[in-house]
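Keeping the supplied structure of chain A fixed, place chain B upon it in accordance with the hints.
These protein sequence lines are chains A and B, in that order.
Going by this note's numbering, the first sequence wraps up at 323, each residue one higher than the last.
Going by this note's numbering, the second sequence wraps up at 1289, each residue one higher than the last.
Hints should not be assumed to be uniformly reliable.
Said to hold, decoys possible - Only part of the chain B face toward chain A is listed, based on derived beta-carbon distances under 7 angstroms: (1) 1206; (2) 1209; (3) 1228.
Stated by the list, open to error - No farther apart than 20 angstroms at their CA atoms in a straight line, the calculated lysine to any residue pairs in the SDA-like style are these: (4) B:1097 - A:322; (5) A:147 - A:301; (6) B:1090 - A:231; (7) B:1028 - B:1042; (8) A:239 - B:1085; (9) B:1093 - A:314; (10) B:1268 - B:1049; (11) B:1223 - A:170; (12) A:143 - B:1189; (13) B:1090 - A:238; (14) A:239 - B:1237; (15) B:1090 - A:244; (16) A:120 - B:1237; (17) B:1097 - A:321; (18) A:239 - B:1088; (19) B:1223 - B:1253; (20) B:1097 - A:319; (21) A:147 - A:100; (22) B:1093 - A:244; (23) A:239 - B:1089; (24) A:147 - A:187; (25) B:1090 - A:227; (26) A:147 - B:1190; (27) B:1090 - A:236; (28) A:147 - A:244; (29) B:1090 - A:322; (30) A:239 - A:54; (31) B:1093 - B:1081; (32) A:147 - A:82.
To be clear, the hints were calculated from the coordinates, so they are not data collected in a lab.
We put the beta carbon where it would ideally sit given N, CA and C, even for glycine.
For reference, the chains in residue letters:
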Amino acid sequence: MAVDLLEFEEPVGVLLKEIEALSMMPRTDQRDAAIAALRSRAEQIRAELYARLTPWQRVQVARHPARPYTLDYIERLFDGFTEIHGDRRFADDHSIVAGFAQYHGRDVLVVGHQKGRDTKQKILRNFGYSRPEGYRKAIRAMKLAEKFGRPVLVFVDTPAAYPGIESEERGVAEAIAYNLREMAALDTPIVVLVTGEGGSGGALGIAIGDRILMQEFAIYSVIPPEGCAAILWRDASRKAEAADALKITAEDLLARDIIDEIVPEPNGGAQNAPEAAAKALDVALSRALAEVTAIPPSERLDRRYQKFRRMGRLGAEFVEETT
Amino acid sequence: MAWFKKTRKPRAAPAEKAVRVPEGLWVKCPGCQEILYNKDLATSLHVCPRCAHHFRIGAIERLRTLFDAAWREHDRGLISTDPLGFVDTKPYKDRLKSGLSATGQRDAVVTATGRIDGIETEVAAMEYDFIGGSMGVVVGEKIARAIERAIAGRRPVVIVSCSGGARMMEGTLSLMQMAKVSAALARLDRARLPYISVLTDPTTGGVTASFAMLGDLNIAEPKALIGFAGPRVIEQTIRQKLPEGFQRSEFLLEHGMIDMVVDRRELKATIGAALRFMNPAPDVTSADA
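If we strip away everything but chain A, and leave its shape as in the complex, we get:
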């Protein structure tokens, strides 16, 4: 696989180069055997590397330019995706996509952040940084799903909400806040999948639901590690330490009940084998969707409320001292 390798994947890169060099040689059984041996060695090294990724390495994987984005998953998991556009207020934000589709034969609404692959796409998608219009489009689409009794599936992958002048002028904080309140009370099942960067309020603004799933190498953080390092260490280059301290990996979050389930990724991460990543996601998503649609509607909102209400528990994250 000729995907861009990350710095820590250097040992794999060396082997891949050797394979490439061998491929140039005339074909013999011996050559093929050597290539096969190198390939399996490369996969093995990759497996070893990915079995003990540091939090900062996970940040790099979560931001990998070849990582599948929302539309890549939509293409693989859904039929007949019909995109809808605009917030009916100001504009259509291309960093969030929304539309209806069929998922295993049932009608669902899909919403997700969308990053761009090439330069033109990156600019169109604003590098995955959403403006207020994106959040307003998302909630408009979700209210449509509520009205017509369709479940909502959300893909989360954004560095952050866009920190720019127009974002502030048009009330990005209000847009996110409104979504938090309205999604908490949205009377239809919601399943959230964190597939890449769960970038603070920009991610949370579409990430309230009955089930929160997270891919193995995705991250979910209150602030980007660079930003945290710049503020607390006064040195943005100490991002690896910050990534460590912030406890942003899927395992860390599962341990604190912030997410419900970790979706395994193929060896070398989703970017290394998008088909396999989509398959694993499909398994987890279809099960989660079946579970949440089985919850009696009268209980669903109460359970969703309790789910977030318990984040920060007496006796665990805080205690009561006698005064």
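Here is chain B on its own, set in the frame of chain A:
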């Protein structure tokens, strides 16, 4: 190129430090440079009588400006366990301790029940001197409990924000407090109970992007810094200096994000009038309210 380069002085930060000494007898107003007698300042609710500069006040002082008389404080004993074992240049545990000794509070919000213009109200006032008024699990919990108390007792809620946003030292748990409090506000909203959000200097980040912007009324004190991203982050993104007055209360009023800018000396009366308009007791609109 000039021969002599004029080096820029850091923005206003030292001045701020110099004025925030309530122990001193005299204080210099950063707005108009007037020397003010501290006792006079207290009687004018820490607003400069000459130029109306609003000095930042602590949570207890804030409750004093809002309630008619004594109040009942809640959940005073709640304290963070440092769930992540967070250490940056110093341990979070030490930051919690210095916050306690600086403010007498165990975290960055005080919640209380009392009367505002005779109306029994749940109030949460944030304490900036406790780790920048940042929101972690305790702030989220205390505010969520205040809102739940309001729903149970059918009382209005007033939250006075003064915060740099979500607290980094509690990681993603802090982020989730935005969801937790907003979910409680959804219930308050559906119960048709009033919520007034008061935004004071500064209100930024995750606090703005959750409860501070969700008021039935959003009321800001004059010239408060209110925004989502901090000004420095925005300047780095756009690589330009921000215009004067950007992200100040008056800017937000102009852009339709808040209902009014109210002088602290008028705040209580304004809230009282609004609560009377929103009074949850009479039942004229629907049978199930």
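Okay, the hints, checked on the actual structure:
| no. | hint | result |
| --- | --- | --- |
| 1 | 1206 | holds (6 angstroms) |
| 2 | 1209 | holds (4 angstroms) |
| 3 | 1228 | holds (4 angstroms) |
| 4 | B:1097 - A:322 | holds (16 angstroms) |
| 5 | A:147 - A:301 | holds (15 angstroms) |
| 6 | B:1090 - A:231 | holds (13 angstroms) |
| 7 | B:1028 - B:1042 | holds (14 angstroms) |
| 8 | A:239 - B:1085 | holds (17 angstroms) |
| 9 | B:1093 - A:314 | holds (18 angstroms) |
| 10 | B:1268 - B:1049 | holds (18 angstroms) |
| 11 | B:1223 - A:170 | holds (19 angstroms) |
| 12 | A:143 - B:1189 | holds (17 angstroms) |
| 13 | B:1090 - A:238 | holds (15 angstroms) |
| 14 | A:239 - B:1237 | holds (19 angstroms) |
| 15 | B:1090 - A:244 | holds (15 angstroms) |
| 16 | A:120 - B:1237 | holds (19 angstroms) |
| 17 | B:1097 - A:321 | holds (14 angstroms) |
| 18 | A:239 - B:1088 | holds (11 angstroms) |
| 19 | B:1223 - B:1253 | holds (11 angstroms) |
| 20 | B:1097 - A:319 | holds (15 angstroms) |
| 21 | A:147 - A:100 | holds (13 angstroms) |
| 22 | B:1093 - A:244 | holds (17 angstroms) |
| 23 | A:239 - B:1089 | holds (13 angstroms) |
| 24 | A:147 - A:187 | holds (9 angstroms) |
| 25 | B:1090 - A:227 | holds (17 angstroms) |
| 26 | A:147 - B:1190 | holds (17 angstroms) |
| 27 | B:1090 - A:236 | holds (17 angstroms) |
| 28 | A:147 - A:244 | violated (42 angstroms) |
| 29 | B:1090 - A:322 | violated (27 angstroms) |
| 30 | A:239 - A:54 | holds (12 angstroms) |
| 31 | B:1093 - B:1081 | holds (8 angstroms) |
| 32 | A:147 - A:82 | holds (18 angstroms) |
Consistency note: the structure conflicts with the earlier hints numbered 28 and 29.
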